[in-house]
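**Q** Each chain is listed here by its residues.
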Amino acid sequence: MTDQDDRDCIQVTKRDPSAFGELYERYVDRIYNYVYYRVSNVHDAEDLTSRTFYRALSHLHTYEDRGIPLSAWLYRIAHNLVANWHRDRARRPVVALDQLVLKSRDSERAEDVVESQDSVRLLREGMRKLDPARQELLVLKFSQGLSNAEIGEIMGRSEGAIKSLYHRTLLALRKELAKKGLHIQ
Amino acid sequence: MMAHTQKAPRRAWCRARDLLNCLVHRLQGAEPLSRNSESPDPLESAMRIALRPVVPSSSFREALRRNLSFATQGRILGLSVENPKPFRQGIILGVSAGLLAAAIATLVVVFRWRLSNSEG
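Listed in order, the protein sequences are those of chains X and H.
The first sequence begins at 1 in my numbering and counts up by one.
The second sequence begins at 186 in my numbering and counts up by one.
Check each hint, because a few of them may be wrong.
What the hints assert, rightly or not - Straight line, CA to CA, 20 Å or less: simulated DMTMM-like cross-link-like pairs of lysine to aspartate or glutamate: (1) Lys179/X <-> Glu229/H; (2) Lys14/X <-> Asp47/X; (3) Lys129/X <-> Asp118/X; (4) Lys180/X <-> Glu125/X; (5) Lys14/X <-> Glu64/X; (6) Lys175/X <-> Glu304/H; (7) Lys163/X <-> Glu229/H; (8) Lys163/X <-> Asp226/H; (9) Lys175/X <-> Glu125/X; (10) Lys180/X <-> Glu229/H; (11) Lys175/X <-> Asp226/H; (12) Lys129/X <-> Glu229/H.
Simulated from the structure, these hints should not be mistaken for laboratory data.
Turn these sequences into a full structure, and let the hints steer you where they fit.
**A** Below you can see the structure in the form of structure tokens.
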């Protein structure tokens, strides 16, 4: 899906809102995926994904193509909603992460590292100890598979800044994992 | 406010320490930013597994698609359709719980009153 396709689709949707379904189909999985790993439970992920698309629908007429792709605009809406959600829940106990069954393995070395659900839980818990910008970076990089440049567009930073933040994030994550007894070298 | 001002220097210190670690790492020749894709960092591979893509349930997708379609039709007709706010659900649950508690309390009072009358 190219940016040009998105631009065309937005123009059509501005004239005919019923075409919004096309944009929804293109991005619902990505937005849900992003939100899910930021809130760690299905119920809130579904709620915030819905809100993202409702907000996008109601603000689509204000969207102007200024070099920021539609995907980055949607991620920013989702990011703001997630930030509000975390703010609202700051005084409440942390919700346990959903238990997911591993279905895929990336490599033999990774297989050694992530031996069980417990390792996955520790990795995710370690990630949640990082500050929100670092968590966002990890989700966009690993779950969404975005490049540093794409992440920069979403987070409003330069590619170099993302590269640097990424390195610091891995260092911080290693420390968090070491505290939990998980040493990944 | 107090806690916030206390956290700021600590955060700055952590960032400075991270940067220093990064520099030391690079000076030692590890070049962490230029690792090629043939030898991925085990932590990166592990994170890729821990954050493997998930997809929404088909029922959720379908329901949201339907609701958005309804909302877009509403917009065409000039209606404003919003995502239902979660606090409304809370209000309904709270009122229901309150009514249930009131009903139970009334039953207890009536029962005790009848019991005391029968004893009297």
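**Q** For each hint, tell me whether it holds in the structure or not.
**A** Status of the hints after comparison with the structure:
no., hint, in the structure
1, Lys179/X <-> Glu229/H, "holds (18 Å)"
2, Lys14/X <-> Asp47/X, "violated (25 Å)"
3, Lys129/X <-> Asp118/X, "holds (17 Å)"
4, Lys180/X <-> Glu125/X, "holds (9 Å)"
5, Lys14/X <-> Glu64/X, "holds (11 Å)"
6, Lys175/X <-> Glu304/H, "violated (72 Å)"
7, Lys163/X <-> Glu229/H, "holds (14 Å)"
8, Lys163/X <-> Asp226/H, "holds (15 Å)"
9, Lys175/X <-> Glu125/X, "holds (12 Å)"
10, Lys180/X <-> Glu229/H, "holds (18 Å)"
11, Lys175/X <-> Asp226/H, "holds (15 Å)"
12, Lys129/X <-> Glu229/H, "holds (17 Å)"
When held up to the earlier numbered hints, the structure conflicts with 2, 6 and fits the remainder.
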